[in-house]
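> Sequence:
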Amino acid sequence: NDIMFLVKISSPIMRQATPDLTLPFPNAFGVEAIRGCQVVEVLDAKGRIVGRDITDEEKAAKRKKKQEKLKNYHWERFREKIPEEDVALEKRTFRVVLDSNQYYMDLRNDRDELYGESDDESFNILIRRNAKENTFKGILETIRHMLSEDHFLVPEWFQNVFLGYGDPEDSASKAASSVDWQDTF
Numbered sequence: 003n004d005i006m007f008l009v010k011i012s013s014p015i016m017r018q019a020t021p022d023l024t025l026p027f028p029n030a031f032g033v034e035a036i037r038g039c040q041v042v043e044v045l046d047a048k049g050r051i052v053g054r055d056i057t058d059e060e061k062a063a064k065r066k067k068k069q070e071k072l073k074n075y076h077w078e079r080f081r082e083k084i085p086e087e088d089v090a091l092e093k094r095t096f097r098v099v100l101d102s103n104q105y106y107m108d109l110r111n112d113r114d115e116l117y118g119e120s121d122d123e124s125f126n127i128l129i130r131r132n133a134k135e136n137t138f139k140g141i142l143e144t145i146r147h148m149l150s151e152d153h154f155l156v157p158e159w160f161q162n163v164f165l166g167y168g169d170p171e172d173s174a175s176k177a178a179s180s181v182d183w184q185d186t187f
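Heads up, the sequence shown is in this note's numbering, so the first residue is 3 and it goes up one at a time.
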C-alpha cells in the first residue's frame, strides 16, 4: 500500500507573480498543512475496486453495453469522439487511512475543515512518492515483525549490529581461502 501526502495550499501570491524567497518555504508558497496517509483502496468512477477481477456477469454486461454503444455511435471522418462516460472512467477515488494521532490533534485545534468537502478549506494536492523511495513503512513493519517473534529471526552473530550496537567487524565473515566450483559451468 502506498504512502501519500495530502497538502493544503492557499497561495499568497497572484498568478504569474514571483514568490518572496526570503520567507520560509511554507510562507512563500502558502503551504498550510501536510498530512500523511496510507492508500487502502483505489476505486474507479463506478465505485469498483481497481485491479479486482471482474465477474463473468460484469464482463457480459460490459460487452453488451459496448456493442450497443458502437451500434449507435456516430463516427466522424477526421476526429474521434470520446463518449463522456468513457472520460468519466478516468476518475479515481482513493480510500486512505489517516494518522489517527494527527487527526485527533487537528480536531482538538479546530482544523477539522481540512477533512471536509469544501474546495476552499480542505486538502487540494495529493502527492505520491516514487515507488522505489516509498518503502519505509514496509521496511519498518518487517523489522517490527522480526523483533516481535517469539524467537528472534536474525542470526545471533548479527543481532548486535542489526540493533545498532556492537562492532560491525564482529559480524564480518572470513573470506574463504579457495572455492571449488566443481564444474558448475
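These are computed hints drawn from the structure, not numbers from a lab.
Check each hint, because a few of them may be wrong.
Unchecked claim - Between beta-carbon pairs, the in silico distance windows are:
| id | residue 1 | residue 2 | range |
| --- | --- | --- | --- |
| 1 | Glu143 | Leu109 | 21 to 29 Å |
| 2 | Leu142 | Lys67 | 39 to 47 Å |
| 3 | Asp46 | Gly140 | 24 to 32 Å |
| 4 | Ala35 | Leu142 | 20 to 28 Å |
| 5 | Glu135 | Asn111 | 54 to 62 Å |
| 6 | Thr95 | Trp183 | 50 to 58 Å |
| 7 | Asp169 | Asp112 | 30 to 38 Å |
| 8 | Tyr105 | Glu143 | 37 to 45 Å |
| 9 | Arg50 | Asp182 | 15 to 23 Å |
Claimed, not checked - When the alpha-carbon atoms are kept at most 27 Å apart in a straight line, the in silico BS3-like pairs for lysine-lysine are as follows:
| id | residue 1 | residue 2 |
| --- | --- | --- |
| 10 | Lys134 | Lys10 |
| 11 | Lys48 | Lys64 |
| 12 | Lys66 | Lys93 |
| 13 | Lys48 | Lys67 |
| 14 | Lys10 | Lys139 |
| 15 | Lys66 | Lys48 |
| 16 | Lys93 | Lys48 |
| 17 | Lys93 | Lys64 |
| 18 | Lys67 | Lys93 |
| 19 | Lys66 | Lys10 |
| 20 | Lys64 | Lys10 |
| 21 | Lys61 | Lys48 |
| 22 | Lys10 | Lys61 |
Glycine included, C-beta positions come from ideal geometry on N, C-alpha and C.
> Each hint needs a verdict: does it hold in this structure or not?
Hints, verified against the model:
| no. | hint | in the structure |
| --- | --- | --- |
| 1 | Glu143 to Leu109: 21 to 29 Å | holds, 27 Å |
| 2 | Leu142 to Lys67: 39 to 47 Å | holds, 45 Å |
| 3 | Asp46 to Gly140: 24 to 32 Å | holds, 26 Å |
| 4 | Ala35 to Leu142: 20 to 28 Å | holds, 24 Å |
| 5 | Glu135 to Asn111: 54 to 62 Å | violated, 30 Å |
| 6 | Thr95 to Trp183: 50 to 58 Å | holds, 56 Å |
| 7 | Asp169 to Asp112: 30 to 38 Å | violated, 52 Å |
| 8 | Tyr105 to Glu143: 37 to 45 Å | violated, 21 Å |
| 9 | Arg50 to Asp182: 15 to 23 Å | violated, 58 Å |
| 10 | Lys134 to Lys10 | holds, 25 Å |
| 11 | Lys48 to Lys64 | holds, 12 Å |
| 12 | Lys66 to Lys93 | holds, 23 Å |
| 13 | Lys48 to Lys67 | holds, 15 Å |
| 14 | Lys10 to Lys139 | holds, 23 Å |
| 15 | Lys66 to Lys48 | holds, 17 Å |
| 16 | Lys93 to Lys48 | holds, 9 Å |
| 17 | Lys93 to Lys64 | holds, 18 Å |
| 18 | Lys67 to Lys93 | holds, 20 Å |
| 19 | Lys66 to Lys10 | violated, 43 Å |
| 20 | Lys64 to Lys10 | violated, 38 Å |
| 21 | Lys61 to Lys48 | holds, 14 Å |
| 22 | Lys10 to Lys61 | violated, 40 Å |
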